[in-house]
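> Each chain, written out:
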Amino acid sequence: MSEKEKKFVPEPGTCTPWKVKMEELGGIPGNEEIVKKDWERLDETAYNFLWFWVHR
Amino acid sequence: MNEKVAKLYQERLNRYMTALDCGKPDKVPVSFGIGDWIVKHTENNFQEIFYDWEKSIKAVDDILPEFDVDVFGGGPTLWWPPMWDAIGSKLYKFPGMGLDENSTFQFVEEEYMKAEDYDAFIANPTEWIATTYLPRISTEFENPSSLRGISALIRSSVAFAEYNNYMGASWGKWTVEHGVVGQFTGMTKAPFDTLGDALRSMKGILLDLRRRPEKVAAACEVIVPHNINYALSGAGADTRFPCFAPLHRGSYPFLNPYQWENYYWPSFKAVIEGLWAKGKRTYFYAEGDWTPYLEKIAELPDKSIVFDIDLTDAKKAKEILGGRFCLIGGMPTTLLTYGTPEKVKEQVKRSIDELAGDGGFILGAGGVVMGDAKKENIMAMLEAAREYGTY
Amino acid sequence: MLTDTLAKAILDLEEEQVIVLVKERLAKGDSPLDIVESLQKGMSEVGKLFETGEFFLSELVMCGEIMKDAMEVLEPHLIDSVSGNKGNIVVGTVKGDIHDLGKNIVVMLLKGAGYNVIDLGVDVPIENFVEAAKESKAPLIGISVLLTGCQEAMKKTIDAIRAEGLNTKVIIGGNYIDELVREYVGADYFANNASDGLRVAKQIFS
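Residue numbers (the working numbering), protein chains in the order written: chain A, 3 to 58; chain B, 17 to 407; chain C, 2 to 207.
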């Protein structure tokens, strides 16, 4: 994981964008949309949690 | 929602929406929240109201039936302290935890971001917040790779989710049971305030403007898309209601005109315009005096903000912003504390005469209504609003 | 116009130049008190510009920072000297309030104007105000406040000072304060900003 971990600056609203995750995985056997939906929603919650401490 | 409440809600909603769009509703909409002045009218002390959200909700439920407001600003507490305690946050002192159980909360201002952190922040702000800032402001998260640190982060993020759910449920309940319209959804800040409040502190950022102005400008620019995103995301994509923007260092006389025009305004304007492009209005909560900047504010796209008059010259605000932006205010908070019901009523009449004119006006208190406001004065304000507020 | 280069450097908020000049004058054998006088001259000009609206809080904060740094250089040389000479003023932030910025700005301006300021800090217990007033026989006490919730504490502090029968004036200072608040807590004067405070002091000590 750590070797493969990419250097990137996450866009607003993201910490680990799904796009980056997919590049690391190189594709998944199942339906991407099913996984992506909750990944992005929870990732945005993580982002909001972090910025909460700045905006407070 | 029963039929009677549904009708009431619809009336109030129309009033608010019409005023936000600078129109003339049937009556001058009234906006008010339950501040921590309510605490002394409950059986609880500050600590109980802050920590126990059932008690906080009950305080609101008890008073809302007699509280004839169109636009409701929310319950008595801004924060739920357990979320802060869970991670050992240094940012606030709360009643009963660092402060007397009968005091309200206070912010502990420090340079939580150091001058030498600028480059790392500008390069990757979210990363910097997670790895440098959060451990620095949290006694329980000082060591992120220890059990103590990891459990603190878990506790606090669970509390964050719990709190958001509870807030959503409370608003749902108030709407359904009392027919009140929520004042805003989501929040944002001027990037200069984001940087100057919790990060560099007031003194830090004022010195930065002389010592490293280019870093201040670069950091503000980096913050812009984050503040746009934060407002929309926190609002759950709602764009009917404005997002709350509590503003601090832009008020007179913190910055000189050059600093204001070059360091405060451009990035904040970009946030407002960015939000407006997505249909989201900004609740320009102009605490303090903004009179010297009214002309600049008037450059914003029509209706993109609702301007909250605290100590800004109300007549000038009306003259310069009126017609193009909705104004809210007309009741000085000091009058709610030190005035009498008679004086409050006179003020309501005067404000409506001066400001309500052809619409685009909401009656409300400028700035934060603090714990010492008198209930009889607040009730007098709401009564007088209905008495004098029919167009 | 200021002819004193050090005072001018303060007025221009040239922080590096101020420190260089202070060190130069110490090396030349100038009396540290004379150097302080130059600093005060510059600071008093800064205060004037704030009063007339040409300077803003950002300039005052910068000036305070420069003064602090300069005083750090001077302090070891100043041990025997007395700073103020116009008279004593007791200043503190009211009990229950931990905000110090407004108070610090006033303290800086008062010191710059030549008063001997007894700074009690923030969240000051009522007894400390009374004690300091008795000890210093200060003709003026300044109470700083930001939070409106601290009204009662302010009123009690002033009541306690009056109860001692001290012949001292009390000024309350804070952004939101107005005539209503002043009357309620029983103060003699109020100020919304540092320069108003300075004017009141001038009036009392003249």
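No lab work stands behind these hints: they were computed from the structure. Don't take each hint at face value.
[Stated by the list, open to error] Computed footprint of chain A on chain B; a stretch qualifies when at least three of its residues, placed anywhere within it, have a C-beta under 8 Å from a C-beta of chain A:
no.	stretch
1	138 to 144
2	173 to 185
3	202 to 216
4	246 to 260
All C-beta atoms in this analysis are idealised placements derived from N, C-alpha and C, irrespective of residue type, glycine included.
> Which numbered hints are broken by the structure, listed smallest first?
Of the numbered hints given earlier, the structure breaks none, since each of them holds.
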